[in-house]
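Here the protein sequences line up with chains A and B, keeping their order.
Residue numbering for the first sequence follows the numbering used here, starting at 45 and increasing by one per position.
Residue numbering for the second sequence follows the numbering used here, starting at 45 and increasing by one per position.
Hint data in this document are derived by calculation from the structure and do not stem from the laboratory.
Treat the hints with care, since some could be wrong.
A pair counts as met if it fits within one copy or between any two copies, since identical chains are not told apart.
[Stated by the list, open to error] Think about it this way: if two alpha-carbon atoms lie no more than 30 angstroms apart in a straight line, the pair counts; the simulated DSS-like pairs of lysine-lysine are:
no.	residue 1	residue 2
1	Lys143	Lys129
2	Lys380	Lys252
3	Lys226	Lys296
4	Lys286	Lys238
5	Lys238	Lys129
6	Lys286	Lys268
7	Lys268	Lys226
8	Lys109	Lys129
9	Lys129	Lys236
10	Lys238	Lys296
11	Lys140	Lys90
There are 2 protein chains.
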Amino acid sequence: MSKGVKDTITISLDAMGGDNAPVSEVAGAIETVRHHEGINITLVGKTDIISNELKKFSYDTTRIKIHNADDVIEMDESPTDAIRKKPGSSLVTGLKLCKTGEADAFISAGNTGAVMAASLFTLGRIANVNRPTIGSRFPTERGITMVFDVGANVDCKPLNLLQFAVMGSVYANHIYGIENPKVGLLSVGEEKSKGDTLTVEAYELLEKSNLNFIGNVEGRDIMKGTTDLIICDGFTGNIVLKFAESVLSLLKTKFKDYADKGFVNKLKVGMAYGTLKDILKDFDYQEYGGVPLLGVNGISIIGHGRSSPRAIVNMALNAERMVRAGINDIIASKIKDINLFAAKT
Amino acid sequence: MSKGVKDTITISLDAMGGDNAPVSEVAGAIETVRHHEGINITLVGKTDIISNELKKFSYDTTRIKIHNADDVIEMDESPTDAIRKKPGSSLVTGLKLCKTGEADAFISAGNTGAVMAASLFTLGRIANVNRPTIGSRFPTERGITMVFDVGANVDCKPLNLLQFAVMGSVYANHIYGIENPKVGLLSVGEEKSKGDTLTVEAYELLEKSNLNFIGNVEGRDIMKGTTDLIICDGFTGNIVLKFAESVLSLLKTKFKDYADKGFVNKLKVGMAYGTLKDILKDFDYQEYGGVPLLGVNGISIIGHGRSSPRAIVNMALNAERMVRAGINDIIASKIKDINLFAAKT
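The shape of chain A in the complex, shown without the other chains (with noise of 0.2 angstroms):
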C-alpha cells in the first residue's frame, strides 16, 4: 500500500451495504472500471445477485470480480451484535481482503457504526493512533470544511482532538491538495477560555503544536468556512452533523406545507424550488465521496445509506487518492511525532 508501487490497485466494495444495494454499487463498480484505468473492483456479497445484476452491463471481466459473502448486515442492526453474528458478512470479508492484501481500500455505503466498528477490528489501528476517527464535510459559503469527529468516538480526552487534528490536516494536505490547513477547534466562544474542560485543555496542545491551528470556532462559524478543518469530540459532531443533514429535510417539508395552502402558493413554490434545489445542490451528499476513516491500518471509506452510482464511483476515486498518497504512512510518522510533543508538553 506505499507509494506509487502498483499500477492498477484493487478496491473492494460491499455490495450488499446501503439502501440501493446491490444496485448502485453494481452500476458505480461499472463506471469506475469504465472510466479510471488505475482501478479494478472486488464486488463483496451473494454472488448470484451480484451477477444478476452485473449481466445488465457489458463491461471488462478482468477487471471487476466477485467475492461471495452469505450474510448481510442491515443498516438499522447494533453494529456490534450484528458483526459477532455475521462473521461471513459483505462488510466483515471486504474489509478481510484489505488485511490480507488482495484488496489496497473498501469501501461501503451501509450501516455506518457497522463499517467503524468492523474496520477496527478487522484492520486495527495505525500505530500509536489512540482513537480512529471519523470526518465529514460541511459545505460553507467558501467550499468545504471537513468535521473531524462526527460520532466514531463519544467520549474524548484532549489527545483524541489533537491526534483527530493531525490526521485531518494529513487528509485535506494529501487528499485536496490544501497546504498547512488551517485548523480550528469548535467551542463556544473564540477566547481561549472558552468551552468545556476538555475544549479548554484541547487549545493548549493545539495551540503549541505544529499545526496551523488558528483558534476556536463557534456553531455560527462551520457554515462560513473560516477554517478547513475543525476539530471536535465524536458526540457534539454527530449531533451537529444530523442536525445539518435535517434541515433540508425541514425546508422541503415546509415547501410542501406551504404549496398544500392553495393554487397560487403551489404556483410560487414550483418557481422557487427549482431555484432552491439549483442553490443547495452544493449540499447535495451524493457528490461526496463518503468520509474516511482515518486511524484505522488500512483505507476504509464509509458512503451514505442512500449512495448513488456517482457517490460510489466517488467513493472508489477517494480511495485511490488515499493509496496512492500511502495516506497512512504519513498519518503513522506525523502522529508519532506528536505523541512525542504531547508527552513533552
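Given the coordinates of chain A, work out where chain B should sit on it, guided by the hints.
Just chain B now, with coordinates in the frame of chain A:
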C-alpha cells in the same frame, strides 16, 4: 411574586442593552403599556437619552418610569469583566430592582453572557438548584421545541441535566400550557446505551424520574419536533443553536451568489426569495419573547441583540406570564422533590 397577588406588575427593562437600544426598548415599552393593562415598565439606563426617546410618544406617564443608570455594558464585552468594572450598569441596576422588590421581573436584549452572569450574581439561585439554565426555542416541523441548556453550563453532571429537564418541564407546562411535556435527551443514537458518559448516566436518572421522558433524540430529530423539550449540556446546545441561526445566513449568501450569476438567475431569485421568506417566517427570532434564565431567584429574560419593539413586547408578556404563574415557587418545589429522588437513585 406569588401567584395572582398583584393586579399590575412592574418589569424593569434594560433600556441600554441590544443593538437598537434604546429605540427598540422604548418603543417596546410604549407598545406594552398601551395594549397590556397589567404591566408597568421601568426603563433602566441613561435618563437623558431615554427621556429624549420617550418624547416621541404620547403615553400614560404613570405607567412608564425611568430609573437612571450611567454605565452601559457593550455587546462584545467580557461578561465577568464588564459586571465587575461597571456596577452601575443598566443591566446590574435593573436586576437590583428585582432584588429589592421594586420590580417583579427583568428583561434585556443586551450581552447574553453578561445578563446570565449578572442575574446569577444579583438574584442568586433558587434553593437546591445546582445550576441555572438558559433555554432556546427551535422552530420545528410541528411547532416549537425548547432546548435546555444552550450555553449557561458547558461542563455538566447528570444531576444538572435532570434539573434542566425539571425546570424546562415546569416552564413548558406553566408558560406554554403543555400538559406533561415530552422530554428528549440529545444524543447520538436512540438506544439507551448510546451517548457519552454524561448522557448515558443522565438517561438513567431521567428514565426513573416522574418526568415524561421519551428517551434519546438525535441531531436530526431536533427539527422534527418529536418532543417539547430537548435536554443537553450547554456546550452542545450552544453549538447547535448558533449553527442553526447561521443556516439562514448561509441560505441568504447562496441566494445572493446565485442571483449575481446573471439576469435570469436574478429574476428567479426574486421570485423564490419572497416564497422562502414566507415559508421561513417561523424562524424569525423577532417573534419570540426572548429566552428565560431558569433557576435564578427572580425572573430574568434575555432577548436577541437585534430585538425589535415587537420582540420587546413579547419578552414583557413572557415575563408577566412567568410572574403570574409563580413559576419560581413551582420550580423550587419540583427541584426539592427531584433532588430527593436523585439522592435515592
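Now the hints, each set against the structure:
no.: 1; hint: Lys143 <-> Lys129; in the structure: within (20 angstroms within a copy, 63 angstroms between copies)
no.: 2; hint: Lys380 <-> Lys252; in the structure: within (16 angstroms within a copy, 46 angstroms between copies)
no.: 3; hint: Lys226 <-> Lys296; in the structure: between (34 angstroms within a copy, 25 angstroms between copies)
no.: 4; hint: Lys286 <-> Lys238; in the structure: both (24 angstroms within a copy, 15 angstroms between copies)
no.: 5; hint: Lys238 <-> Lys129; in the structure: between (45 angstroms within a copy, 20 angstroms between copies)
no.: 6; hint: Lys286 <-> Lys268; in the structure: both (18 angstroms within a copy, 12 angstroms between copies)
no.: 7; hint: Lys268 <-> Lys226; in the structure: within (13 angstroms within a copy, 34 angstroms between copies)
no.: 8; hint: Lys109 <-> Lys129; in the structure: within (26 angstroms within a copy, 73 angstroms between copies)
no.: 9; hint: Lys129 <-> Lys236; in the structure: between (47 angstroms within a copy, 21 angstroms between copies)
no.: 10; hint: Lys238 <-> Lys296; in the structure: between (36 angstroms within a copy, 29 angstroms between copies)
no.: 11; hint: Lys140 <-> Lys90; in the structure: within (16 angstroms within a copy, 73 angstroms between copies)
In this structure, every one of the numbered hints holds.
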